[in-house]
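Asks: From just these sequences and the hints, can you work out the full model?
Under the UniProt record's numbering, think of the first position of the sequence shown as 1, with each following residue one higher.
In short, the hints are calculated from the structure, not lab data.
EDC-like mimics (lysine to aspartate or glutamate), calculated; alpha carbons at most 16 angstroms apart, straight line:
(1) LYS454 <-> GLU444
(2) LYS268 <-> ASP312
(3) LYS696 <-> GLU587
(4) LYS348 <-> GLU139
(5) LYS401 <-> GLU438
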Amino acid sequence: MSLKGYLNRKITTKLEKRLIFTVCLLSLVVLVLFVVTLTKGSDICETPGCIQSTLQLLETIDTTKNPCEDFYNYTCGTFLKNSIITGRDQALHDQMKLTDQQLKNIVLGDYDESNLTKTVVWQRKFYRSCINKTKINQENEKAVLNILEEVIGGWPLIKSYWVADQFEWHKAVVNAREAGVFYEFFLKVQPYSFDDRTVLWIYPPRYPPDVQYVDYFMWEKENLKPMEEIANYMNPNSVTIASEFAQTFEFARALNETIYRHYYSDNKTDRMYMSIKDIKHPYIRLDWLNFLKNITRLPLTGNEIVAFDVYDYLKDFYYVLLRTQKRYIANYIGWGLVLKYIHYLPDKFRATYLEMKKVVKVEDFDRKNICYIHATKIFQYIAETEYLRRYTTPKKIKYVKEMLSDIKQELRNTILQTEWIEPNSKRVTFEFIKNMTEAIGWTEDVLDTKKFDKTMHYDKVKFTSDNAIEMRRIIEKNKLDSSFERLYRNISNEEERMREPKVVVNAYFAIETLYLPTPLLQGIIFDEDRPAYINYGALGSIIGHEYTHGIVSYLRNNGETYFTKNETLDRFHNDSICIMQDYNNFEYLRDEFSKNGTQTFEENVADYLGVILAYRAYQNWVSRHGSEKLLPSINLTQNQMFWVAASSYMCHEPRMSKEHVNPSISVHGAPSFRVMGRLMSSKDFARDYGCALGSKMNPKEKCILYA
Numbered sequence: 001m002s003l004k005g006y007l008n009r010k011i012t013t014k015l016e017k018r019l020i021f022t023v024c025l026l027s028l029v030v031l032v033l034f035v036v037t038l039t040k041g042s043d044i045c046e047t048p049g050c051i052q053s054t055l056q057l058l059e060t061i062d063t064t065k066n067p068c069e070d071f072y073n074y075t076c077g078t079f080l081k082n083s084i085i086t087g088r089d090q091a092l093h094d095q096m097k098l099t100d101q102q103l104k105n106i107v108l109g110d111y112d113e114s115n116l117t118k119t120v121v122w123q124r125k126f127y128r129s130c131i132n133k134t135k136i137n138q139e140n141e142k143a144v145l146n147i148l149e150e151v152i153g154g155w156p157l158i159k160s161y162w163v164a165d166q167f168e169w170h171k172a173v174v175n176a177r178e179a180g181v182f183y184e185f186f187l188k189v190q191p192y193s194f195d196d197r198t199v200l201w202i203y204p205p206r207y208p209p210d211v212q213y214v215d216y217f218m219w220e221k222e223n224l225k226p227m228e229e230i231a232n233y234m235n236p237n238s239v240t241i242a243s244e245f246a247q248t249f250e251f252a253r254a255l256n257e258t259i260y261r262h263y264y265s266d267n268k269t270d271r272m273y274m275s276i277k278d279i280k281h282p283y284i285r286l287d288w289l290n291f292l293k294n295i296t297r298l299p300l301t302g303n304e305i306v307a308f309d310v311y312d313y314l315k316d317f318y319y320v321l322l323r324t325q326k327r328y329i330a331n332y333i334g335w336g337l338v339l340k341y342i343h344y345l346p347d348k349f350r351a352t353y354l355e356m357k358k359v360v361k362v363e364d365f366d367r368k369n370i371c372y373i374h375a376t377k378i379f380q381y382i383a384e385t386e387y388l389r390r391y392t393t394p395k396k397i398k399y400v401k402e403m404l405s406d407i408k409q410e411l412r413n414t415i416l417q418t419e420w421i422e423p424n425s426k427r428v429t430f431e432f433i434k435n436m437t438e439a440i441g442w443t444e445d446v447l448d449t450k451k452f453d454k455t456m457h458y459d460k461v462k463f464t465s466d467n468a469i470e471m472r473r474i475i476e477k478n479k480l481d482s483s484f485e486r487l488y489r490n491i492s493n494e495e496e497r498m499r500e501p502k503v504v505v506n507a508y509f510a511i512e513t514l515y516l517p518t519p520l521l522q523g524i525i526f527d528e529d530r531p532a533y534i535n536y537g538a539l540g541s542i543i544g545h546e547y548t549h550g551i552v553s554y555l556r557n558n559g560e561t562y563f564t565k566n567e568t569l570d571r572f573h574n575d576s577i578c579i580m581q582d583y584n585n586f587e588y589l590r591d592e593f594s595k596n597g598t599q600t601f602e603e604n605v606a607d608y609l610g611v612i613l614a615y616r617a618y619q620n621w622v623s624r625h626g627s628e629k630l631l632p633s634i635n636l637t638q639n640q641m642f643w644v645a646a647s648s649y650m651c652h653e654p655r656m657s658k659e660h661v662n663p664s665i666s667v668h669g670a671p672s673f674r675v676m677g678r679l680m681s682s683k684d685f686a687r688d689y690g691c692a693l694g695s696k697m698n699p700k701e702k703c704i705l706y707a
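Replies: So this is what it looks like as structure tokens:
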């Protein structure tokens with residue numbers, strides 16, 4: 001068979017596999033509907049939510065396996081067998097894909113904009129302008145030339161007359177900042193929080209590992225020809241482009257070596273903290289107060305503290321400047337700016353740029369794809385907040401609040417009944433639990449349009465043009481203004497991070513708050529229209545996991561307060577050793593995951609306690625609301641379904657993952673252990689599945705850390 005025929009056969013085989021899987025799935029749907037028809041009026045749930053849950057679970061579980069011997073393959077066996085056919089590396093794949101599609105529709109969808117917020121309208125307008133080839137061909141090359149004129153007085157290598165006397169590198173940096181374009185060519189300045197205060201941090205451009213690469217801004221010798229071609233598009237009459245690029249390349253290389261030395265030298269000067277007015281450097285003699293005023297656009301007095309991390313770097317930078325003509329420094333800036341806007345230029349620019357890329361997927365380079373990425377990165381958190389408002393419904397919030405209350409109460413009960421925690425430590429822990437808050441979807445400041453616009457400074461934005469380049473400049477300038485105002489807000493790095501909405505299928509515990517992003521509250525994790533045993537099993541165990549993280553983190557950071565007696569700490573250490581031993585001795589660990597029980601300890605503790613809290617909370621729910629109907633086509637009790645739901649979202653086939661898990665740094669244990677390890681220590685699980693004492697899932701010796 002020819003190579004072409006072989007490749008075609010491989011593709012056909014793959015298509016055949018997908019077709020077979022689709023046919024099987026459709027058959028499954030028909031079967032479930034048939035069962036529902038036969039069982040009408042019985043104790044079988046017939047609602048759309050129950051049917052959907054059944055279909056989701058039948059895609060993962062393999063009831064031919066023995067749940068008392070291998071609950072991971074019982075829960076995930078069908079998923080693992082079909083992962084290569086379906087192209088899904090984890091059970092949450094569809095949920096993440098759905099989130100991406102929902103988010104994309106906010107920016108790209110063709111619908112009436114009259115009910116959208118002004119910021120979403122801006123974002124959509126930017127995207128349309130970014131892909132409008134007529135406007136691109138008519139306006140954007142001129143727009144980039146205007147930027148070059150504003151920042152460096154024009155690009156020397158394409159300008160017939162360029163005045164070197166009017167150029168200073170630091171003035172060009174300020175010009176770029178004022179113009180709302182990239183300006184961190186030689187220095188980075190940003191707010192930096194530590195010890196409950198925020199200062200300005202001044203350090204070299206690029207932070208490891210980026211600094212290891214000489215090709216920053218694509219400065220590699222093999223790229224010089226296409227770089228010259230791009231410059232030539234802007235001025236075909238220039239005869240010095242090649243020679244100027246060659247000289248500028250030498251400056252770029254020397255600058256990169258200087259930056260590299262700063263980060264990897266063993267003899268560099270330590271970071272210095274001082275007031276702005278006290279900054280003095282023997283080589284680079286700047287008016288630092290004026291420079292930083294212009295960069296931050298803040299009314300600085302000179303008394304503000306800076307973290308000065310450039311003392312040695314500036315000396316080396318000075319000598320690089322000394323042996324370089326100003327025009328080559330300007331050329332370096334000019335090329336960087338052109339590269340930043342290359343995707344806004346006509347197709348010939350982008351085609352030549354593509355030649356410079358070593359490895360690139362053509363579909364990733366598609367203008368529509370690039371413009372969508374830019375729309376979401378530049379207009380930060382706008383589509384995300386619209387997503388949160390659109391999909392965080394009052395019904396969903398009400399349901400989740402009840403779950404949170406139930407699980408938090410079980411957390412209190414568990415702490416109260418755990419003998420190794422002495423009374424005063426329990427009191428401190430109860431106070432911590434009392435202060436814990438929850439953000440369903442995300443914080444109210446994000447869900448409130450006016451508050452969000454004010455927080456992100458979008459209330460100050462005024463556009464004078466619908467050109468994509470001009471819109472980007474205004475937004476970037478505004479984002480920098482907002483960032484530097486952190487100097488006066490004086491909030492921690494973590495607080496700043498959690499102000500920014502996350503549209504991800506994950507939960508967070510930070511600053512005494514449990515964050516449950518909206519994308520988590522759908523799919524196989526949660527649906528307000530399905531049985532509680534599914535919701536408490538999946539979302540409930542995640543909530544319990546994160547609450548445990550909060551307690552363990554508090555324990556770790558406030559040990560002296562938490563443990564008022566040494567024997568409390570000793571008991572905790574003695575009782576928790578079994579979790580590490582369980583992990584280290586677990587026989588199903590794959591090479592793709594960490595094999596170090598100490599490294600995964602906190603995650604394993606959260607898994608162990610999290611599912612216990614959720615199970616007890618569900619039993620409490622049943623005592624209030626009564627027992628629920630069963631799912632069709634799945635011959636399992638409500639409690640058995642709880643354990644399946646608490647495990648099926650962890651199904652994972654690492655061989656299908658695009659990003660390989662690094663076992664040496666992973667803090668999560670292997671999915672097989674995350675499912676089985678915690679349940680092997682649960683008497684409730686063993687009872688619900690009737691597992692004989694001494695079976696794999698019901699060992700005689702159990703690891704019980706909390707009561």
